[in-house]
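Chemist: Start from the sequences and build out the full structure, keeping to the hints where you can.
2 protein chains.
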Amino acid sequence: MNKKQLIEQIKIKRSFLCIGLDVDLEKIPSHLLELEDPIFEFNKQIIDATHDLTVAYKPNTAFYEAYGIKGWKSLEKTIAYIHKNYPTIFTIADAKRGDIGNTSTRYAKAFFDDMQFDSVTVAPYMGSDSVEPFLAFAEKFTILLALTSNKGGLDFQVIKDEKGITLYERVLQESKTWKNSEQLMYVVGATRPAYFKKIRNIVPDSFLLVPGVGAQGGSLQEVCKYGLNDEIGLLINSSRGIIYASSDKDFAKKAREKSKELQKEMASILLENEF
Amino acid sequence: MNKKQLIEQIKIKRSFLCIGLDVDLEKIPSHLLELEDPIFEFNKQIIDATHDLTVAYKPNTAFYEAYGIKGWKSLEKTIAYIHKNYPTIFTIADAKRGDIGNTSTRYAKAFFDDMQFDSVTVAPYMGSDSVEPFLAFAEKFTILLALTSNKGGLDFQVIKDEKGITLYERVLQESKTWKNSEQLMYVVGATRPAYFKKIRNIVPDSFLLVPGVGAQGGSLQEVCKYGLNDEIGLLINSSRGIIYASSDKDFAKKAREKSKELQKEMASILLENEF
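Chains A and B, in that order, are what the protein sequence lines are. 92 is the number of the first residue of the first sequence in our numbering; add one for each residue after it. 92 is the number of the first residue of the second sequence in our numbering; add one for each residue after it.
No lab work stands behind these hints, which were simulated from the structure alone. Don't take every hint at face value.
Below, a list of computed lysine to aspartate or glutamate pairs in the EDC-like style, where the Cα atoms sit at most 16 Å apart [stated by the list, open to error]:
| id | chain 1 | residue 1 | chain 2 | residue 2 |
| --- | --- | --- | --- | --- |
| 1 | A | K161 | B | E167 |
| 2 | A | K242 | B | E365 |
| 3 | B | K102 | B | E365 |
| 4 | A | K104 | A | E356 |
| 5 | A | K242 | B | E223 |
| 6 | B | K242 | A | E223 |
| 7 | A | K267 | A | D296 |
| 8 | B | K95 | B | D321 |
| 9 | B | K164 | A | D139 |
| 10 | A | K351 | A | D139 |
| 11 | B | K161 | B | D115 |
| 12 | B | K200 | A | E117 |
| 13 | B | K102 | B | E322 |
| 14 | A | K200 | B | D220 |
| 15 | A | K254 | B | D252 |
| 16 | A | K254 | B | E253 |
| 17 | B | K288 | B | D321 |
Modeler: Take a look at the structure:
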C-alpha cells in the first residue's frame with residue numbers, strides 16, 4: 092500500500108485509527124483458551140468487528156514471540172487473514188528492529204516479503220546503514236522511533252547536543268538525508284504533545300504513528316492540534332483500551348464500541364480541519 | 092550461567108571467543124540443502140567442531156526470522172543442542188530488542204525462559220524502563236548496545252551533549268544506575284579501538300561483547316590492549332570469518348582451523364596478561 096492509498100482510506104473511513112493487536116493469553120476471554128489457536132481467534136474476532144472503523148492493525152511482535160513457534164504461527168495467520176479479507180488495511184509489524192546492514196536486510200525480508208507487512212518499526216541507534224536496508228523495499232514503510240511514549244523515552248531522546256538540538260530532533264533531521272527517506276514514518280508518543288510542533292517543523296510531510304492515547308494518558312485532541320498536516324499525516328494507535336475493553340464473551344462487541352468512540356472523535360476532527 | 096562461571100570457562104579453555112551463528116542458506120555448503128533442517132545441521136557441525144575453542148555462541152535472530160517458522164525452529168533446536176551437549180557454553184541471542192516495559196518483559200520471557208538463552212542484546216534508545224525488564228531475570232545477562240561497529244554507528248552514538256559527553260558514554264553512565272545493572276554487558280565494536288580506554292573508565296568491571304574482528308577489520312591485539320580488565324572482561328565475536336571459512340564439505344574442519352587461530356592468539360594474550 093502506498094501513501095496515497097493510505098490517505099484515501101483515512102478519508103473514506105473518516106478514521107486514522109490504528110489498533111494494536113498485543114495479545115496476551117492471560118488477558119483474553121477464557122472461553123477462547125479451549126480453541127486450537129486462541130490468539131488468532133481473538134484477533135480474527137477483533138478484526139471482523141473493527142475493520143471498518145480502523146485503517147491499520149499493529150501487532151507488537153514481542154507478544155507473539157513470547158509464545159514461540161505457536162505465537163509466530165498465530166502472527167502469520169493474522170496477517171494473512173487481514174490481507175485476504177480486508178486488503179485495504181495498512182499493516183504494521185511493531186518489531187523495533189535494527190542491526191548492521193546485511194542483518195537488517197534479513198529482518199526486512201521477513202516482515203516485508205514473507206509476511207507481507209506494509210511497514211515495520213525500527214530503532215535508530217545504529218544509524219543510517221541499519222535503517223536503509225528497510226527503506227530499499229518499494230511501497231513499504233519504515234517507521235523510525237523518534238520520541239517514544241514511555242518514561243525512559245526521556246533518558247536519551249531529549250539529551251541536547253552542543254548546539255542545543257535534542258537527540259530525537261537529530262534522528263528526524265539525519266533520517267531525511269537517507270536513501271528513500273520518503274518511505275519513512277516516525278513513532279512519536281501521544282504523551283509528549285508539547286513536542287509535536289517542533290517535530291512538524293522538521294518532518295512536515297511524514298506520517299507519525301502515535302501510541303499512548305488512552306491507557307498511557309495521551310490526549311487525541313492535543314496530538315491532532317499540532318500533529319495534523321496537509322495530508323492528515325497521523326495514525327493514532329490504541330491497543331489495550333480497545334482489545335481489552337471487555338474480558339468476557341462480548342469482547343469483540345466492546346472493542347467495536349471503543350473503536351467507534353475514537354473513530355467518531357476522529358471524524359469530527361477531520362471535519363473541523365476540512366478533510 | 093553466572094559471571095564467575097563464564098570467567099572460569101575462559102580460563103579453562105584459554106579462549107574468550109564467541110562464534111556468531113549467522114546462518115545464510117545461500118552461503119552454506121550445498122550438500123546440506125538436501126537435508127530436512129539444513130540450518131540446524133550446519134550449526135550442529137560447526138558447534139561440534141569448535142565447542143572446545145569457544146566460550147560462547149551468538150545466533151543473530153534476524154537470520155532465523157528470515158526463514159519464518161522453519162527458521163525459528165532451527166534456532167530453538169540449536170540452543171537446545173548446545174545446552175544438552177555443551178552445558179558450559181554461554182549463549183547470546185543477538186536480537187537487539189527493546190520496547191516499553193510490559194513488552195520488553197515478553198521478549199525477555201521468550202529468550203530467557205522459553206529458549207533458555209543466557210543473554211540477549213538490547214538497544215538503549217527507549218531508556219531505563221525498556222531495559223530493566225530484561226535485567227529482572229536472575230543469572231541472565233542483558234548486553235546493551237553502546238558503540239556499534241557499523242558505519243552508521245557514528246551517526247548518533249558519538250554526538251556530544253552540552254557538556255561534551257557523547258551519547259554512547261551517556262548510555263554507559265546512565266545504565267549503571269538501573270536496577271540490577273550488575274547484569275549488564277555492553278556491545279562495543281572492534282572497529283573503534285580508540286574508544287576502548289574511555290569505555291573502560293566508565294565500565295571497568297563489565298564484560299564487553301566485541302564484534303567486528305576479522306571481516307569488519309578490527310584488530311584483536313588493539314582491542315585487548317585497552318579492553319581487558321582484571322577479570323578479562325571481553326568476549327570477542329567472529330561470525331563470517333569462522334563459519335564461512337569454506338563453502339565446501341570441509342566447512343566444519345575449516346571453521347575449527349579459523350577458531351583455533353583465534354584461540355591461540357587469545358591464549359597468548361591471556362598468558363602475557365598473567366591470567
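Chemist: What hints, given by number in increasing order, does this structure fail?
Modeler: Hints 2, 9, 14 contradicted; others consistent.
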